[in-house]
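Engineer: Chain by chain, the residues:
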Amino acid sequence: MLMGFSRAQAAALLVMLVIIAVAPMVAYPVFLMKVLCFALFACAFNLLIGYVGLLSFGHAAYFGMGAYASAYVAKAWGLSAELSILAGGLTGAALGLIFGLIAIRRQGIYFSMITLALAQMAYFFCTQVAFTGGEDGIQQVPRAAVFGLISMQNDMAIYWLVAVVFLAGFFLVHRIVHSPFGQVLKAIRENEPRAISLGYRVDDYKLIAFVLSTAIAGVAGGTKSLVFGIATLSDVTWQASGEVVLTTLLGGLGTIFGPVVGAVIVNTLEFYLSPFGSWVTVTQGVIFVACVMLFRRGVVGEIGAKLKVAL
Amino acid sequence: MLSILGYNVGPMLAQGVLGLINGAFYALLSLGLAVIFGLLNIINFAHGALYMIGAFVAWVLLNYLGIGYWPSLILVPILVGCFGMLIERVLISKLYKLDHLYGLLLTFGLALIMEGLMRNYFGSSGMPFAVPESLRGATRLGFMIMPTYRVWVVAASFVVCIGTWLVIEKTSIGATLRAATENPALVQAFGVNVPRLVTMTYGGGVALAAFAGVMAAPMYSVNPSMGSNVIIVVFAVVVIGGMGSILGSILTGFGLGLVEGFTKYLYPQGSGVVIFVLMVIVLLLRPAGLFGKAA
Numbered sequence: 000m001l002m003g004f005s006r007a008q009a010a011a012l013l014v015m016l017v018i019i020a021v022a023p024m025v026a027y028p029v030f031l032m033k034v035l036c037f038a039l040f041a042c043a044f045n046l047l048i049g050y051v052g053l054l055s056f057g058h059a060a061y062f063g064m065g066a067y068a069s070a071y072v073a074k075a076w077g078l079s080a081e082l083s084i085l086a087g088g089l090t091g092a093a094l095g096l097i098f099g100l101i102a103i104r105r106q107g108i109y110f111s112m113i114t115l116a117l118a119q120m121a122y123f124f125c126t127q128v129a130f131t132g133g134e135d136g137i138q139q140v141p142r143a144a145v146f147g148l149i150s151m152q153n154d155m156a157i158y159w160l161v162a163v164v165f166l167a168g169f170f171l172v173h174r175i176v177h178s179p180f181g182q183v184l185k186a187i188r189e190n191e192p193r194a195i196s197l198g199y200r201v202d203d204y205k206l207i208a209f210v211l212s213t214a215i216a217g218v219a220g221g222t223k224s225l226v227f228g229i230a231t232l233s234d235v236t237w238q239a240s241g242e243v244v245l246t247t248l249l250g251g252l253g254t255i256f257g258p259v260v261g262a263v264i265v266n267t268l269e270f271y272l273s274p275f276g277s278w279v280t281v282t283q284g285v286i287f288v289a290c291v292m293l294f295r296r297g298v299v300g301e302i303g304a305k306l307k308v309a310l
Numbered sequence: 000m001l002s003i004l005g006y007n008v009g010p011m012l013a014q015g016v017l018g019l020i021n022g023a024f025y026a027l028l029s030l031g032l033a034v035i036f037g038l039l040n041i042i043n044f045a046h047g048a049l050y051m052i053g054a055f056v057a058w059v060l061l062n063y064l065g066i067g068y069w070p071s072l073i074l075v076p077i078l079v080g081c082f083g084m085l086i087e088r089v090l091i092s093k094l095y096k097l098d099h100l101y102g103l104l105l106t107f108g109l110a111l112i113m114e115g116l117m118r119n120y121f122g123s124s125g126m127p128f129a130v131p132e133s134l135r136g137a138t139r140l141g142f143m144i145m146p147t148y149r150v151w152v153v154a155a156s157f158v159v160c161i162g163t164w165l166v167i168e169k170t171s172i173g174a175t176l177r178a179a180t181e182n183p184a185l186v187q188a189f190g191v192n193v194p195r196l197v198t199m200t201y202g203g204g205v206a207l208a209a210f211a212g213v214m215a216a217p218m219y220s221v222n223p224s225m226g227s228n229v230i231i232v233v234f235a236v237v238v239i240g241g242m243g244s245i246l247g248s249i250l251t252g253f254g255l256g257l258v259e260g261f262t263k264y265l266y267p268q269g270s271g272v273v274i275f276v277l278m279v280i281v282l283l284l285r286p287a288g289l290f291g292k293a294a
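Respectively, the protein sequence lines represent chains A and B. Per numbering that gives the first Met the number 0: the first sequence = residues 0 to 310. Per numbering that gives the first Met the number 0: the second sequence = residues 0 to 294.
Extracted from the complex, chain A is given alone in its bound form (with noise of 0.2 Å):
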């Protein structure tokens, strides 16, 4: 055991590790920053739905404002990149406070039901309020040096503070997930009244859960405002809720690896299928069929199975 991985998972983190070092050298920077982004966002999901098993249908909203906060600090207050993306994480945690407190009233589908509507909310609201820019968007965010003194200008610059971001962010989740607080959650999502009955206060602990996945989600909105200089609508939608449902159905619930893997998946698909328009969303709805009816495990959970190893 290191660091709470079994030694399966240890293995896979380091072929992980190596895929980050590596992949720059054969694929477009960008496009990994973009898969990194994503699949942090899609690890902070998992934590609610995986250990917790509660699912959050509108989690583009702490994405997408997290987004628009780091973009607003970077581009209006000129602050350095750890603190934008920073901004983020926060902005996203205080939302995820107030829709929190609000959604945990209720469980099960309607939990889902309050967060997507909840979300719907803070698209609407980022529709209205000026400094969102509207349709536009926050436009041209510098890309600020880190600490003020190291240039992100070069794209590898930023790969490598992204790489960072997310490895922190995926160490975290896997951290909580494997603390005595995660052991309670996965008390919950077993059995609540149970867990209740045990003399565990449940709300506060799903409220903690919450809060953090949602700092995580702003965190990986952040960083993505910064790589791309750009901050819009479209990460508030509630596709973008579906997107992130949909990495971590499809690379496997509950699996540390899981949602990593479902981004890789869901971002090659539509870097390759962007030309054919609609296609992408009538192969997203494809993709969670298949995997509800066929393999609810996911990509990774099978694999796991087969190998009878937890990954």
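Think of the hints as simulated: they come from the structure by calculation, not from any bench. Incorrect hints may appear among the rest.
Claimed, not checked - Beta-carbon label-pair distances, calculated as ranges:
#1 I97(A) / V150(B): 30 to 36 Å
#2 L272(A) / N7(B): 49 to 55 Å
#3 A144(A) / Y219(B): 47 to 53 Å
#4 E168(B) / M2(A): 56 to 62 Å
#5 F180(A) / W151(B): 53 to 59 Å
#6 A309(A) / Y95(B): 25 to 31 Å
#7 F124(A) / Y95(B): 33 to 39 Å
#8 L306(A) / S220(B): 50 to 56 Å
#9 V29(A) / A137(B): 53 to 59 Å
Unchecked claim - Taking lysine to aspartate or glutamate pairs in the EDC-like style, the calculated list, with each CA pair at most 20 Å apart, reads:
#10 K185(A) / D98(B)
#11 K185(A) / D202(A)
#12 K74(A) / D154(A)
#13 K96(B) / E189(A)
#14 K96(B) / E181(B)
#15 K74(A) / E134(A)
What the hints assert, rightly or not - Anything over 12 Å on all C-beta distances counts as not near chain A; from chain B, calculated:
#16 L17
#17 Y63
#18 I77
#19 G115
#20 R139
#21 V153
#22 W164
#23 L165
#24 T170
Virtual Cβ for every residue (Gly too), placed ideally from N, Cα, C.
With the hints as your guide, set chain B onto chain A.
Structural biologist: Frame of chain A; chain B shown alone:
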């Protein structure tokens, strides 16, 4: 012009009436969702897409086969309802033993497929659908000019909603349905074919959505995103009303349409979010919803 507290009553009433029309659609759609949820225990995310499909089928029938609005009003719900039953038999019925979340994910995927396919074949700009001859024209009401078609929409959906309620509350098949909602295993033991009842119920809920789609076709342009635009609002309506009561979901649908209309007059920027704000308030004060039973 009459005015109360500085607000002109005329324009306010006009917006209220327009809101009632939106409310008619909320009521039809949330009623279908509630009926399906009661028996199947899934949230039919494809409900908005099936409403959109209803509008498209009506458009196709008119433009390719020359079948007009009135036959479509009967024909389209039957066709789309059968399509819904097929979906239930082939896909949804395989998921009843699993966590309810999978039903939501499956129907979300189906909604994406339907919306994407329609966008591929018909484009996303939307197509006009003429108001039927007999419902053209408008009436002068003093405070507004009321198109006849809109009066028809409110009246027809009200009748259909009440009809559905009567079928569920007052007929023997409705009694079976309610019993199966309470305890499917026991009803099955009495010799009722519950799986078939479930299929019929899903078909019925879907037919209501398709009916709403046909009604919407002449008012809004027929376009692929019409379903996803409305379904999220309908989810909020369902959370506010609670899904325990059929009559409750009808009342909540019409009521929230009215509220939205008045908001459009009093505070236009807020009309897009007022239902969501109400949802938050209801959740804080009465988490089970206005008509819901506490869990």
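Engineer: Each hint should be assessed against the structure and marked as holding or not.
Structural biologist: Evaluated hints:
no., hint, result
1, I97(A) / V150(B): 30 to 36 Å, "violated (41 Å)"
2, L272(A) / N7(B): 49 to 55 Å, "holds (52 Å)"
3, A144(A) / Y219(B): 47 to 53 Å, "holds (50 Å)"
4, E168(B) / M2(A): 56 to 62 Å, "holds (60 Å)"
5, F180(A) / W151(B): 53 to 59 Å, "holds (58 Å)"
6, A309(A) / Y95(B): 25 to 31 Å, "holds (28 Å)"
7, F124(A) / Y95(B): 33 to 39 Å, "holds (38 Å)"
8, L306(A) / S220(B): 50 to 56 Å, "holds (53 Å)"
9, V29(A) / A137(B): 53 to 59 Å, "holds (55 Å)"
10, K185(A) / D98(B), "holds (16 Å)"
11, K185(A) / D202(A), "holds (14 Å)"
12, K74(A) / D154(A), "holds (19 Å)"
13, K96(B) / E189(A), "holds (16 Å)"
14, K96(B) / E181(B), "holds (17 Å)"
15, K74(A) / E134(A), "holds (18 Å)"
16, L17, "holds (19 Å)"
17, Y63, "holds (21 Å)"
18, I77, "holds (25 Å)"
19, G115, "violated (3 Å)"
20, R139, "holds (34 Å)"
21, V153, "holds (25 Å)"
22, W164, "holds (23 Å)"
23, L165, "holds (27 Å)"
24, T170, "holds (28 Å)"
Comparing the model with each numbered hint stated earlier shows that hints 1, 19 do not hold.
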